[in-house]
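Trainee: One letter stands for each residue in the lines below.
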Amino acid sequence: MNDEQSSRLAVAFARETARSTTARLCAACVEVLAVTGAGITIMGGGQAGPICVSDRNVSALEDLQFAMGQGPCPDAFVSGVPVHAPSLDTTATMKWPSFVTLARESGIGAVFAYPLIAAGTRVGVLTIYQHDEGQLTKEQHDDSIALAEVLTETVLSLQDDAPPGTLAPGLADAVEYRAEIYQASGMIAVQLSIPALEALLRIRAHAFANDQTVAETAALIVARRLRLPNDHQPETEV
Amino acid sequence: MPDDALAKAAPTQTLTATRFVEIVDTLVGDFDVIEVLTLLTSRCVELLAASAAGILLADGSGRLRVVGASTEQIQLLELFQVQNDEGPCLDCFRTGHVVLHSDLDHLSPWPLFAAECTKSGFASVCAVPLRLRSHTLGCLNLFMSAPGGLDDTDIALAQVLADFASIALIQDQATRDAAIREGHLRHALTSRIAIEQAKGMIAERHQVDMDEAFSRLRSFARNNNRLLTEVAEAVVAGSLPLDSITPAGLRPPTSR
Chain A
1 MNDEQSSRLA VAFARETARS TTARLCAACV EVLAVTGAGI TIMGGGQAGP
51 ICVSDRNVSA LEDLQFAMGQ GPCPDAFVSG VPVHAPSLDT TATMKWPSFV
101 TLARESGIGA VFAYPLIAAG TRVGVLTIYQ HDEGQLTKEQ HDDSIALAEV
151 LTETVLSLQD DAPPGTLAPG LADAVEYRAE IYQASGMIAV QLSIPALEAL
201 LRIRAHAFAN DQTVAETAAL IVARRLRLPN DHQPETEV
Chain B
1001 MPDDALAKAA PTQTLTATRF VEIVDTLVGD FDVIEVLTLL TSRCVELLAA
1051 SAAGILLADG SGRLRVVGAS TEQIQLLELF QVQNDEGPCL DCFRTGHVVL
1101 HSDLDHLSPW PLFAAECTKS GFASVCAVPL RLRSHTLGCL NLFMSAPGGL
1151 DDTDIALAQV LADFASIALI QDQATRDAAI REGHLRHALT SRIAIEQAKG
1201 MIAERHQVDM DEAFSRLRSF ARNNNRLLTE VAEAVVAGSL PLDSITPAGL
1251 RPPTSR
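If you're matching them up, the sequences are chains A and B in order. Those letters in the first sequence? Residues 1 to 238, by this note's numbering. Those letters in the second sequence? Residues 1001 to 1256, by this note's numbering.
Any given hint could be a false lead.
[Stated by the list, open to error] A few chain B residues facing chain A, derived, Cβ under 8 Å:
hint: 1; residue: G1148
hint: 2; residue: K1199
hint: 3; residue: E1204
hint: 4; residue: V1208
If you're looking for bench data, these hints aren't it; they were derived computationally from the structure. Note that the coordinates shown come from a computational prediction; the quantities given were computed from them, not determined experimentally. Even glycine gets a Cβ: it sits at the ideal position worked out from N, Cα and C.
From just these sequences and the hints, can you work out the full model?
Mentor: So this is what it looks like as structure tokens:
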């Protein structure tokens, strides 16, 4: 990070964090990078979700990537390197079919995901959304890498103040927001006698096959209006 | 003999450069800090007019501890300094400056340490600080078998090697701090998720709503003097049977 760049980022962040904590971080990213939208997701053990998004379209896209485990954001998290999708072409469609469909519907033409890495360990992902197709400029790319560094420190600093084992208030959204999905996976785990993580995959598969969002499927399960089938019996909507 | 000196200088410089490149290569990768510090003591013996070297570091309470030595014998000599609270390393650590004593047989400020060194065959010593800005982290101790100590070039080189040690220590600490903080975040995330999953499992098994499931989880933790997150994780992992999470005040059904 050079001096001019870091002072520019510091000013934008100081201004945003003065307004509120995590909620405005994405607005700062959008402002600094001059892009359409941004989302910040934190992850642990392959689970978790967005802590902040710049707008509702981005919110839906971040949710889908988390819920389906599909898109540039999970790919950047798993690989630990930036994932660039300058156009949502056939290659992107083959890799992330559900994500590309929703991105197109939301008027998004290009997506870029940067992993948040601390001491070689992945903490989350900063995802940049652009209305128009095309690569980020060199400056936008460099700034995104610098921002990912700043955000990693921001996330860890927020968590520093939390009592051990509890999430800092600014980060709790990552789980709270989708508590129902985890509750539903616990219910399915008992119904089908499978581990909770596998239950989450079953919920994703059901949502995909039935053209529902994962949150919708989870809500039906928690309301006891849907039971997922095991290998021997058909699924039942109650 | 200036020609001779020149002929000798060139290969020494090449060796120094090669060793420095190796050390820097080590520091930019993943490294074990004790291994690097021990390696640095052997490099001191190889590149300087020293017969042996040791590194001492201050712990949290400011007490010096031996962390690396080129030989077992030096490990004991360093320990001797700390135990008797006298020696060049302690002076170097207190002042933050290089301490040189060119003849331990004469007028040594550390009588006990000097006697022990002479017994081990060392005639002069030098201590160089491990520096971080105005802070002294510890010191590098060099032992020479001949009187006379080290010349200025060797002292400058010793300081560079001591600085490498400081860099290794700071880098190691930063990595460890970041790993601990990341670990806290991951633990907080997975605990929070485990609580929601455990609620779902209890709700399904006992056919209760999420609020009741949570209150049963919480009272089980409280009644058994366990942490909520720990109980939730045990439920999710399957190591705590769901049937043992009963409504408050009820005993789990006994198996017959």
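Trainee: Against each hint, give a clear statement of whether it holds in the structure.
Mentor: So, going through the hints one by one against the coordinates:
no., hint, in the structure
1, G1148, "45 Å, violated"
2, K1199, "5 Å, holds"
3, E1204, "4 Å, holds"
4, V1208, "11 Å, violated"
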